[in-house]
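So the protein sequences, as listed, match chains Y, L, Z and X. Residues 3 to 263 in the working numbering are what the first sequence lists, from first letter to last. Residues 3 to 263 in the working numbering are what the second sequence lists, from first letter to last. Residues 3 to 263 in the working numbering are what the third sequence lists, from first letter to last. Residues 3 to 263 in the working numbering are what the fourth sequence lists, from first letter to last.
These are calculated hints, taken from the structure and not from any lab test. There's no promise every hint is true.
Given that identical chains are not distinguished, each listed pair holds provided it fits within a single copy or across any two copies.
Heads up, simulated BS3-like pairs for lysine-lysine below, C-alpha to C-alpha not over 30 Å straight-line [said to hold, decoys possible]: (1) LYS191 to LYS40; (2) LYS106 to LYS40; (3) LYS40 to LYS16; (4) LYS16 to LYS231; (5) LYS231 to LYS191; (6) LYS231 to LYS106; (7) LYS40 to LYS231.
There are 4 protein chains.
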Amino acid sequence: MAVGRFDFFSECLKRSAEFRIILPNEADAAGEESEPMKLLVLLHGYTENSGAWLWNSPIVDVAQRYHLCVVLPTGENSFYLDGEATGRQHAAYVGQELVRYVRKTFGLSCRREDTFIGGLSMGGFGAIHMALQFSDTFAGAMALSSALITYELAAMQPGNGNGVANYEYYRLMFGDPARVRESGADPEKLVLDAIAAGTPLPRFYLACGEQDFLLEPNRRFERFLTEQKVGHVYTEGPGGHDFSYWRRHLEPGVRWLLGLA
Amino acid sequence: MAVGRFDFFSECLKRSAEFRIILPNEADAAGEESEPMKLLVLLHGYTENSGAWLWNSPIVDVAQRYHLCVVLPTGENSFYLDGEATGRQHAAYVGQELVRYVRKTFGLSCRREDTFIGGLSMGGFGAIHMALQFSDTFAGAMALSSALITYELAAMQPGNGNGVANYEYYRLMFGDPARVRESGADPEKLVLDAIAAGTPLPRFYLACGEQDFLLEPNRRFERFLTEQKVGHVYTEGPGGHDFSYWRRHLEPGVRWLLGLA
Amino acid sequence: MAVGRFDFFSECLKRSAEFRIILPNEADAAGEESEPMKLLVLLHGYTENSGAWLWNSPIVDVAQRYHLCVVLPTGENSFYLDGEATGRQHAAYVGQELVRYVRKTFGLSCRREDTFIGGLSMGGFGAIHMALQFSDTFAGAMALSSALITYELAAMQPGNGNGVANYEYYRLMFGDPARVRESGADPEKLVLDAIAAGTPLPRFYLACGEQDFLLEPNRRFERFLTEQKVGHVYTEGPGGHDFSYWRRHLEPGVRWLLGLA
Amino acid sequence: MAVGRFDFFSECLKRSAEFRIILPNEADAAGEESEPMKLLVLLHGYTENSGAWLWNSPIVDVAQRYHLCVVLPTGENSFYLDGEATGRQHAAYVGQELVRYVRKTFGLSCRREDTFIGGLSMGGFGAIHMALQFSDTFAGAMALSSALITYELAAMQPGNGNGVANYEYYRLMFGDPARVRESGADPEKLVLDAIAAGTPLPRFYLACGEQDFLLEPNRRFERFLTEQKVGHVYTEGPGGHDFSYWRRHLEPGVRWLLGLA
Numbered sequence: 003m004a005v006g007r008f009d010f011f012s013e014c015l016k017r018s019a020e021f022r023i024i025l026p027n028e029a030d031a032a033g034e035e036s037e038p039m040k041l042l043v044l045l046h047g048y049t050e051n052s053g054a055w056l057w058n059s060p061i062v063d064v065a066q067r068y069h070l071c072v073v074l075p076t077g078e079n080s081f082y083l084d085g086e087a088t089g090r091q092h093a094a095y096v097g098q099e100l101v102r103y104v105r106k107t108f109g110l111s112c113r114r115e116d117t118f119i120g121g122l123s124m125g126g127f128g129a130i131h132m133a134l135q136f137s138d139t140f141a142g143a144m145a146l147s148s149a150l151i152t153y154e155l156a157a158m159q160p161g162n163g164n165g166v167a168n169y170e171y172y173r174l175m176f177g178d179p180a181r182v183r184e185s186g187a188d189p190e191k192l193v194l195d196a197i198a199a200g201t202p203l204p205r206f207y208l209a210c211g212e213q214d215f216l217l218e219p220n221r222r223f224e225r226f227l228t229e230q231k232v233g234h235v236y237t238e239g240p241g242g243h244d245f246s247y248w249r250r251h252l253e254p255g256v257r258w259l260l261g262l263a
Numbered sequence: 003m004a005v006g007r008f009d010f011f012s013e014c015l016k017r018s019a020e021f022r023i024i025l026p027n028e029a030d031a032a033g034e035e036s037e038p039m040k041l042l043v044l045l046h047g048y049t050e051n052s053g054a055w056l057w058n059s060p061i062v063d064v065a066q067r068y069h070l071c072v073v074l075p076t077g078e079n080s081f082y083l084d085g086e087a088t089g090r091q092h093a094a095y096v097g098q099e100l101v102r103y104v105r106k107t108f109g110l111s112c113r114r115e116d117t118f119i120g121g122l123s124m125g126g127f128g129a130i131h132m133a134l135q136f137s138d139t140f141a142g143a144m145a146l147s148s149a150l151i152t153y154e155l156a157a158m159q160p161g162n163g164n165g166v167a168n169y170e171y172y173r174l175m176f177g178d179p180a181r182v183r184e185s186g187a188d189p190e191k192l193v194l195d196a197i198a199a200g201t202p203l204p205r206f207y208l209a210c211g212e213q214d215f216l217l218e219p220n221r222r223f224e225r226f227l228t229e230q231k232v233g234h235v236y237t238e239g240p241g242g243h244d245f246s247y248w249r250r251h252l253e254p255g256v257r258w259l260l261g262l263a
Numbered sequence: 003m004a005v006g007r008f009d010f011f012s013e014c015l016k017r018s019a020e021f022r023i024i025l026p027n028e029a030d031a032a033g034e035e036s037e038p039m040k041l042l043v044l045l046h047g048y049t050e051n052s053g054a055w056l057w058n059s060p061i062v063d064v065a066q067r068y069h070l071c072v073v074l075p076t077g078e079n080s081f082y083l084d085g086e087a088t089g090r091q092h093a094a095y096v097g098q099e100l101v102r103y104v105r106k107t108f109g110l111s112c113r114r115e116d117t118f119i120g121g122l123s124m125g126g127f128g129a130i131h132m133a134l135q136f137s138d139t140f141a142g143a144m145a146l147s148s149a150l151i152t153y154e155l156a157a158m159q160p161g162n163g164n165g166v167a168n169y170e171y172y173r174l175m176f177g178d179p180a181r182v183r184e185s186g187a188d189p190e191k192l193v194l195d196a197i198a199a200g201t202p203l204p205r206f207y208l209a210c211g212e213q214d215f216l217l218e219p220n221r222r223f224e225r226f227l228t229e230q231k232v233g234h235v236y237t238e239g240p241g242g243h244d245f246s247y248w249r250r251h252l253e254p255g256v257r258w259l260l261g262l263a
Numbered sequence: 003m004a005v006g007r008f009d010f011f012s013e014c015l016k017r018s019a020e021f022r023i024i025l026p027n028e029a030d031a032a033g034e035e036s037e038p039m040k041l042l043v044l045l046h047g048y049t050e051n052s053g054a055w056l057w058n059s060p061i062v063d064v065a066q067r068y069h070l071c072v073v074l075p076t077g078e079n080s081f082y083l084d085g086e087a088t089g090r091q092h093a094a095y096v097g098q099e100l101v102r103y104v105r106k107t108f109g110l111s112c113r114r115e116d117t118f119i120g121g122l123s124m125g126g127f128g129a130i131h132m133a134l135q136f137s138d139t140f141a142g143a144m145a146l147s148s149a150l151i152t153y154e155l156a157a158m159q160p161g162n163g164n165g166v167a168n169y170e171y172y173r174l175m176f177g178d179p180a181r182v183r184e185s186g187a188d189p190e191k192l193v194l195d196a197i198a199a200g201t202p203l204p205r206f207y208l209a210c211g212e213q214d215f216l217l218e219p220n221r222r223f224e225r226f227l228t229e230q231k232v233g234h235v236y237t238e239g240p241g242g243h244d245f246s247y248w249r250r251h252l253e254p255g256v257r258w259l260l261g262l263a
């Protein structure tokens, strides 16, 4: 089991960026026959960085048991969006540049059906959003306790905000809140566009704890997926917005992405 | 000689941030009598991160020879400013929170005369600017090939930009370019304010290569410091905007900050 | 919550050594009143390194909840002993030099009652052994599935070995196996010496899974501690020699060391 | 330019080992046509670890300019030898397992003419020795201020030693000193064996400072290579046993290995 930390130059961010990587490839390197590894891009939440999943969940063990390369980028409170004028093109960085970079650098599978994205909270939003935005890259997304915040943003007024950030910050990340539901930042909009265009949609594994403050937007998005007949599973159960919940859902989510559950 | 890399939670950035640190403290830890170590915060340039000085200069050797703790933050193309609404309070982060954190965590000297800041290009600007903004913290700044960009910004028009970034990006970092010279982002403004208020000024070690595209603003700032009778040295010589120049000026700059030259 | 990785020069190893550290000190650094942090040195098992506990257990969360500094050294299959002629004085390194270094570098409590050592398998042996060898430093040890191997070694013949290593390797680490039970490498010998000398003994938290191949030596050592009236608790239960067992026992062990259980 | 640090499981060391890597592959990953990268394994000296070259020389810049992947292992004072019974098979680890691992993991060239090894002091010895031991892997070696210590060891008596280590330590690493000149640890023996067997020899870039305490053994080995008509260059000049000398010789050595000088 190899675990690494990399600094590399990102064209999208116009600067050195860092990621961690879990690479269960010793046997392959020793000469055993093997397929190129599958890839899971795994996203942290607001206030966290690339170490969060590594320190708080059994992701190393899961990666090893399913022979899966896991890449852990740092999202810098960006909601993994291409913020206007911020010089931080996080969606293009994570969903395109980083995937291309690790596929090439580590010889991973380049097939859509072997490429997944997952995350928690802000990273759950990012996983859903990027799986839709780059649906030719990702076959599925695992989204835990997702910060499906565009529902709330649409009604947010200048000067207001919520417990996470203020109106100005959201405006910078998502564009004008008043128009966010019609924008490329809105997951429902991206689903409808894909259906209209007939482009393939990713499959979704969604989970949210019953005590989570984000339960309602998760239920709402699940209803939307059901109405639109988008392939997904959704799990609710006891639990709050913390790693004791996410830890339990990591392996079931990964198994589902891999078609094992 | 100890070299470390830390992830810690920054209140100013509202997220995990990372820094590298050089800590020549083995002898102290082994029980030798010693003073608390002096601190140099050392800033990278645009497109770089906390590894830049470590990989491209003899900073480890310099830290050891002068028994100096060197902290290397990551500035994320922010110009080390508290960008409006960006959620990235980099000046407060580097100039206050990080200094306080490393002083406390590593038992460093808390005296102004033992605390310095340095940098190159964007980091040279940051060193000058933060030494002025937090002049009760820093006794001196070493600024190499500094991106003293507010001269140019003041004349920048919407839609324009330069080779580094566009107008919108600068606006986000510096505030309205048309008013930047009267703002807290302008080094000259901060010097004049300090003189008017009678507050102490840091001392400056400035250097710029004769082939550097930033030569003119460096000369202009030097003339300003001379006119205002602010203590400084300024060096020009053959060299461009690259590490072969910065590498040569690192030790002389550190020696001057420490009062050894 | 800060997590770091350090390279520093060890006099005992005569070379650069690396350790990881978990330091839940942001609040302290921000100026809140605080006591110096307590220290837990946490040891990995055979074949692992300083990352093992970090990647496979909730140690970051435990450190934070109990405001405990956790230091994770790399033991290089040494059994944390001062191997003869190997140039690897791992007991002196971990039990003395590293403790002194992190106490001084990070301003930790220097009191015996605030200093603990723990580990799993080879690291469980190391925790027991170093807590006894440096009983003026450590108030207690948490030893999970401990490789209490001197019982077996005493009967090992040249040319033989076990599934872990061969006779020659053990000889290098432990000295002559035929005399190991009378040597400073034997935990029982150290307990008897301490009782004879009237020096203080550490307290022990011991646990072993009922399916663990090391169950018998753990039971034997527990009977010995009981006979010798050395303060300890011992837990057995379902479980094997793996992190799903160690993960469950981490927090109870830490709570017991801290006098909270 | 990517710089990484990896922990991975080494079969030769029977444990997690760490290395650093410099990988100038952003352009390749972005889709430019490219050949698989060449590899330089670069070895540190006694008392150092995988960070030494990175912190003390412009190796990042050199790697980038020559589009060379540089791998920096940690040798733990082993002289990069397969010490008897030490459980540390460092020659097999660095010269075989690590090369195979990084070639496979990072998609490097597997051709002998693209694979090089270099080092300083103990690492200079290691580079010479492993280039000979694994001459089907390495086309050339760059050896600076090499610790060509078998000349001295052959005369060492039990109980003696030198400023670096004692007799027992050398015995553990090199085998019986009295017979070291006839053993696989002796570079001259390996050259003579290769000539006798008609197997290919690597080419050598050797350099040593005139003030270096290792000057004589370097001169002696150079005379031996000349007598045996082994392809090499040898440079002497002002300089001692320190990075100010090695730094200057890094790029010339790399250029020579690459056939550019």
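30 Å Cα threshold - placement of LYS231 relative to LYS16: neither (39 Å within a copy, 38 Å between copies)
Homo-oligomer pair classification [LYS16, LYS40; C-alpha up to 30 Å]: Answer is both; intra-copy 28 Å and inter-copy 27 Å each pass.
Intra- versus inter-subunit Cα pairing at 30 Å for LYS231 with LYS106: neither (35 Å within a copy, 42 Å between copies)
Status of LYS191 relative to LYS231 across identical chains (alpha carbons, at most 30 Å): within (15 Å within a copy, 60 Å between copies)
Homomeric proximity label, LYS106 with LYS40: Cα distance no greater than 30 Å: For LYS106 and LYS40, the Cα distance is within 30 Å both inside one copy (13 Å) and across copies (16 Å).
Homomeric proximity label, LYS40 with LYS231: Cα distance no greater than 30 Å: This pair counts as within: shortest intra-copy Cα distance 27 Å, inter-copy 50 Å.
Status of LYS40 relative to LYS191 across identical chains (alpha carbons, at most 30 Å): For LYS191 and LYS40, the Cα distance is within 30 Å only inside one copy (29 Å; across copies 47 Å).
Violated hints for the displayed structure, listed by number in ascending order: 4, 6.
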